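Trainee: Numbering (my numbering), first residue to last: 6 to 241.
To be clear, the hints were calculated from the coordinates, so they are not data collected in a lab.
All of these numbers come straight from a predicted model, not from anything done at the bench.
Be a bit skeptical, because a hint or two may be false.
Said to hold, decoys possible - Simulated crosslink set (DSSO-like; lysine-lysine; CA at most 30 Å straight-line):
1. 45 x 23
2. 105 x 168
3. 160 x 16
4. 162 x 91
5. 16 x 118
6. 168 x 199
7. 45 x 140
8. 91 x 183
9. 168 x 146
10. 140 x 85
11. 118 x 183
12. 222 x 45
13. 149 x 209
14. 199 x 209
15. 183 x 16
16. 165 x 146
17. 146 x 235
18. 199 x 26
19. 118 x 162
20. 168 x 118
21. 146 x 162
22. 199 x 146
23. 146 x 118
24. 140 x 23
25. 122 x 235
26. 91 x 140
27. 45 x 149
28. 222 x 165
29. 146 x 85
30. 16 x 85
31. 122 x 160
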Amino acid sequence: MPRKGQTLDRKITQQLLKETKSLPTVGERLKFITAYFLGKPYIINPLIGSDTEPEVFTATYDGFDCVTYLETALALAWAKTPNDVKELLREIRYRNGNIKWEERLHYTTDWSKYHLKRGALADITRGEDTLSRTKEINFLKCFKPRAITYRYFPKRKLNKVSKRFRDGDLIYFASTRKGLDTFHVGLLFWVNDKLVLRHSAKSKGGVVEQELAEFVKVNTMPGFIVARPKESVPKL
């Protein structure tokens, strides 16, 4: 588990930025970066902080949970210099970049809505193939329960809508669990004409690539949400 004071390996940062510099799109850069981390171990609760413990900014390439894998890949794909990566990761993880427990974007729907609003992501989950869902979220007991509404692609629509997705699209899987909006996140890529999910999965022991259709089939969910990273991220 990352501990206080741990920093990102600068050599790895420099290597990844050098090798992706010539790739013209954020999707291509994400495809390279996420592949580099395949096989890294799953880390349970990789971040430090709670409603009773001070928040500490943590970052590592040694292993990930599903959220930190996605966030780290995005920071690297958007970075121009090694010094950008940590700053971008802070801005991706926390509302207005404020390193506080209450400013961490804990719920995926909040995280996505925030980055859609600031212009870092584009909304792909729209149109006649989507449904609207309203749900109370109260999984984190230190925050007041509240109702949220979001659109999603129903599970049964995967084959129909999959051709819309591009390399580097972000996917969030809607949860059936009471009080929780999503149960998992990852990134989508086309590999040998198949749509694959790259994600850090506890059940797989780390970062893996598998066909999206397989993941959707074996997991209980009403459906999924998809967003697309913009080519560059606005400064806070």
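Trainee: Run every hint past the structure and note whether it holds.
Mentor: Hint check:
Between residue 45 and residue 23 the CA atoms are separated by roughly 21 Å; this keeps the pair inside 30 Å, and the hint holds. Between the alpha carbons of residue 105 and residue 168 the distance comes to roughly 39 Å, so the proposed pair goes past 30 Å and is violated. Using a Cα cut-off of 30 Å, the hinted pair residue 160 and residue 16 is violated, with the two alpha carbons roughly 41 Å apart. With a C-alpha separation of about 37 Å, the suggested pairing of residue 162 with residue 91 is violated against the 30 Å cut-off.
Restraint check: the Cα-Cα separation between residue 16 and residue 118 comes to about 33 Å, which exceeds 30 Å; the hinted pair is violated. This hinted pair checks out: residue 168 and residue 199 have alpha carbons roughly 10 Å apart, not beyond 30 Å. For the hint pairing residue 45 with residue 140, the CA-to-CA distance comes to about 34 Å; that exceeds 30 Å, so the pair is violated. Using a Cα cut-off of 30 Å, the hinted pair residue 91 and residue 183 is violated, with the two alpha carbons roughly 34 Å apart.
Taken as a hint, the residue 168 and residue 146 pair is broken in the structure, with Cα atoms around 39 Å apart against an allowance of 30 Å. Among the hinted pairs, residue 140 with residue 85 is inconsistent with the structure: their alpha-carbon atoms are about 39 Å apart, more than 30 Å. For the hint linking residue 118 to residue 183, the alpha-carbon distance of about 21 Å falls within 30 Å, and the restraint holds. A hinted pair counts as satisfied when its Cα atoms are at most 30 Å apart, and residue 222 with residue 45 qualifies at roughly 24 Å.
Between the alpha carbons of residue 149 and residue 209 the distance comes to roughly 33 Å, so the proposed pair goes past 30 Å and is violated. For the given pair, residue 199 sits about 20 Å from residue 209 by alpha-carbon distance, which is consistent with the 30 Å threshold. The suggested pairing of residue 183 with residue 16 is violated, with an alpha-carbon distance near 43 Å, which exceeds 30 Å. Under the criterion of a C-alpha separation no larger than 30 Å, the hint pairing residue 165 with residue 146 is inconsistent with the structure, at around 38 Å.
Proposed proximity of residue 146 and residue 235 is contradicted: the alpha carbons are some 33 Å apart, above 30 Å. Pair hint residue 199 plus residue 26 holds up; C-alpha atoms about 26 Å apart against a cutoff of 30 Å. Our distance criterion of 30 Å between C-alpha atoms is met by residue 118 and residue 162, whose separation comes to about 23 Å. In summary, the hint linking residue 168 to residue 118 is supported, as the alpha carbons are separated by about 24 Å, within the 30 Å threshold.
For the suggested pair residue 146 and residue 162, the alpha carbons sit about 34 Å apart, so the restraint of at most 30 Å is broken. Annotation: proposed proximity of residue 199 to residue 146 is violated, straight-line Cα distance about 40 Å (limit 30 Å). A C-alpha spacing of about 21 Å is found between residue 146 and residue 118, which places the hinted pair at or below 30 Å, so the restraint holds. A hinted pair counts as satisfied when its Cα atoms are at most 30 Å apart, and residue 140 with residue 23 does not qualify at roughly 44 Å.
Taking the CA atoms of residue 122 and residue 235, the gap is near 12 Å; set against the 30 Å cutoff, the hint holds. The suggested pairing of residue 91 with residue 140 is violated, with an alpha-carbon distance near 34 Å, which exceeds 30 Å. Straight-line distance between C-alpha atoms of residue 45 and residue 149 comes to about 35 Å, which puts the hinted pair past the 30 Å bound. Our distance criterion of 30 Å between C-alpha atoms is met by residue 222 and residue 165, whose separation comes to about 15 Å.
As the CA atoms of residue 146 and residue 85 are separated by approximately 39 Å, the hinted pair breaks the 30 Å bound. Between the alpha carbons of residue 16 and residue 85 the distance comes to roughly 15 Å, so the proposed pair stays at or under 30 Å and holds. For the suggested pair residue 122 and residue 160, the alpha carbons sit about 26 Å apart, so the restraint of at most 30 Å is met.
The structure is inconsistent with the numbered hints 2, 3, 4, 5, 7, 8, 9, 10, 13, 15, 16, 17, 21, 22, 24, 26, 27 and 29, although it conforms to all the rest.
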